[in-house]
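Undergrad: As a plain string of letters, each chain reads:
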Amino acid sequence: MPDPTPPLPPAGPDEVALLIDDRPVVVRKGTTVLRAAEAAGLLIPHYCYHPGLSIAGNCRMCLIEIDKVPKLQIGCATAATQGMVVRTATPRVKTAREGIMEFLLINHPLDCPICDQAGECRLQQYEAAYGAGTSRFTDEKVHWPKRYDIGRSVVFDAERCIKCTRCIRFCDEISKSRELALFQRGDHAIIGTFPGKPLDNPYSGNTVDVCPVGALTWKPFRFKARVWFLRDVPSACAGCARGCNVNLGTYRNRVHRMTPRANLEVNRYWMCDAGRQSYAALTEQPRFERPLARPATDASEPIPWDEAVERAAALLREAVAAGADGVAAIVSARLSLEDLHVTQRALQAIGIGRVAVAPHEEGQDDHLLLRRDKTPNARGAALVGLGAPNAGRVKEILEDVSSGRVRGLLVVGEDPIGDGLIPASDLRRLPALVAIDWWKSPTVEAAGVALPACGYGEWEGTLVNFEGRAQRCRAALKPQGETEPVWRILAALARPFGFGAEYASASAVFDEAAAGIPALAGMSYRSLGTGGAKLKGA
Amino acid sequence: MPVKGMPVRRPQTPGLLSTTYLPSIFKGMWITLRHIFRPKVTMQYPEEKWTLPDNYRGLPVLVKDDDGRTKCVACFLCEYVCPPKAITIQAREITTGVEKGPRTFDINMLRCIMCGYCEEVCPEQAIFLSKTYNLVGVSREQMIFDKEKLLEMGGVRHDPIRKWGRLLDPVGAARAAAPASEAGR
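Top line first, the protein sequences correspond to chains A and B.
Here our numbering is used: position 126 in the first sequence is 126, and no number is missing along the way.
Here our numbering is used: position 118 in the second sequence is 118, and no number is missing along the way.
FYI, nobody ran anything at the bench for these hints, they're computed from the structure.
As the structure is a prediction and not an experimental result, all values here were calculated from the model.
No residue lacks a Cβ here, since even glycine has one placed at the ideal position from N, Cα and C.
Honestly, I wouldn't trust all of these hints.
[Stated by the list, open to error] Straight-line alpha carbon distances no greater than 30 Å define the calculated DSS-like cross-link-like pairs of lysine-lysine that follow: (1) Lys219(A) with Lys40(B); (2) Lys219(A) with Lys163(B); (3) Lys224(A) with Lys147(B); (4) Lys478(A) with Lys64(B); (5) Lys224(A) with Lys85(B); (6) Lys163(B) with Lys141(A); (7) Lys141(A) with Lys149(B); (8) Lys64(B) with Lys224(A); (9) Lys224(A) with Lys163(B); (10) Lys224(A) with Lys4(B); (11) Lys163(B) with Lys163(A).
[Claimed, not checked] Distance windows between CB atoms, simulated: (12) Phe103(A) with Val156(B): 37 to 47 Å; (13) Lys536(A) with Val121(B): 36 to 46 Å; (14) Thr96(B) with Pro442(A): 39 to 49 Å; (15) Asp146(B) with Gly119(A): 25 to 35 Å; (16) Ser139(B) with Gly481(A): 25 to 35 Å; (17) Tyr251(A) with Val156(B): 27 to 37 Å; (18) Arg136(A) with Tyr45(B): 51 to 61 Å.
Go ahead and model the full structure; you've got the sequences and the hints to work with.
TA: Dropping the structure here:
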């Protein structure tokens, strides 16, 4: 006599109800059993299935038993139907999984000690959970090329590959670059590229992410840190106006890798290679850890914060006193919304009316993620009232600097000298040049007073992407040296001019901004969460 | 109600002979005299040393294999398992044979508690607890032993299992470096 089964819940017209391991589930028609099981809180192990890719059904790890179906079926490619009774842990299923694991591991080199995937490897996880635990294979394993340079940033190890074809499907379906293919057949099958066409597309790093084993590894991350040491801090990429959701993998106060974090409304499961490596600037660019000031001599030298802020305020006060037209500010749209909000208020307090936000554009918008606009927070700059990035206004200000009409300039997060917009000698001549930046740019070196800010990964803040989605960046690192967030620096700089607001944290700044900006009404760090939220009316 | 205590016997006042201390002095000297003619049991430490048991746990050291290869592949398991966090490793990519090795491998011997977890966890049999127990230095920096020092202390250790042998011999290495299009068995 069959076991009494729980009754099926009622299903709507577009839905089906089924039982998975005696758990009743209602899902939309056309949902696969694997997804239905996920909805029921059950994991069906799988290698080749990836939610962002087409279904290949070749790894056979997701075999499940369905009542009234004689053979085991693959959960990833079987649609759930009304009244279906699925079992994911019967002895037959367990034996099948054990067999699959044995097949996959027969020729596996077991070089986990030198494999970057160790710690987040599906083979390790599933062998522990579903494998037999021992090997019956005593012969010499089949050997394949190791450490094969398959592309600009990716290394391929054919011995570790399980031929799940996720990377091939990514290149075919998502990046549409079609570099990878499966060559030969049977157990001679190997992933490879076509002659003279290495894996080189702007999204090649995603093949490493989708690889469930250690066959594809990311060159810049190779052997940098074991993944079990990394602390993944959820954040948003500041490389372009898309604002892909990312995890910052940090260890010993250093970001070691950036990986995409799934957000179906922004970047789905992907991110571009440039964004993936954008964390490197923090360690590759020269930093300055203490405020710098130019005394009589030309060499900038570190001074204490109090003194630096006093001197910067004095410089700006003199310039403003000589005439408000003679002072201007160039602000970066790479700053967070919090920074820009305080910048806007501080500029008003100081009496700088002439403000330009610098644009940064490169390349074109592409079919997937990359945006031409390389500023992550152009919408935010417009939102707080600084205005949208405008190359013309920046140019006007710099022309007036060269002609001597502007005598005081506050540069926040920008580098007009490095960007080739103005010769260094012209900026150096300025009586009052105050620069705030996270790295020792040529503009910082030319500044009368330069104040060190936190870099990406060190500050906490919000970015508004081109679609009008506010997303949080979290601080993953301790700020280097004496660097401070920009909002704190500007609040301190404006205090001698009567700026009264005190902020305890970036979240307090955001709350103030949200109270004053209708598009942000009702938002807070808590409501933004890890996925962000669309602006009102966007 | 008054408490009644137990009567205690107090020592009697010493006799005349005892007050001179002479009986005790002669007794003690007699014991010393007897020991002069007995076999010596004290170890003359710096000149004479212990024979340590095989399972003695002294300072951890790194070893090389018969080919002179540093056996450590920088898998970081010892750093992970080390209870007092005495081990600090930085890995690097190497171009011959095994892909990975340590760039730096520091053990802070002031922190090390000689528990032997590193030896136990090592998948490459590259780290062992030696029988060295005297740890001398004049600064904290000197107590952080680097890779070169640890390898020198460890020396060569014979290993019958050549785990990476195929990658280390020229034929296997050439095959592993072949491009995918020419791959095959």
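Undergrad: Which hints, by number, does the structure contradict?
TA: 1, 4, 7, 10 and 13
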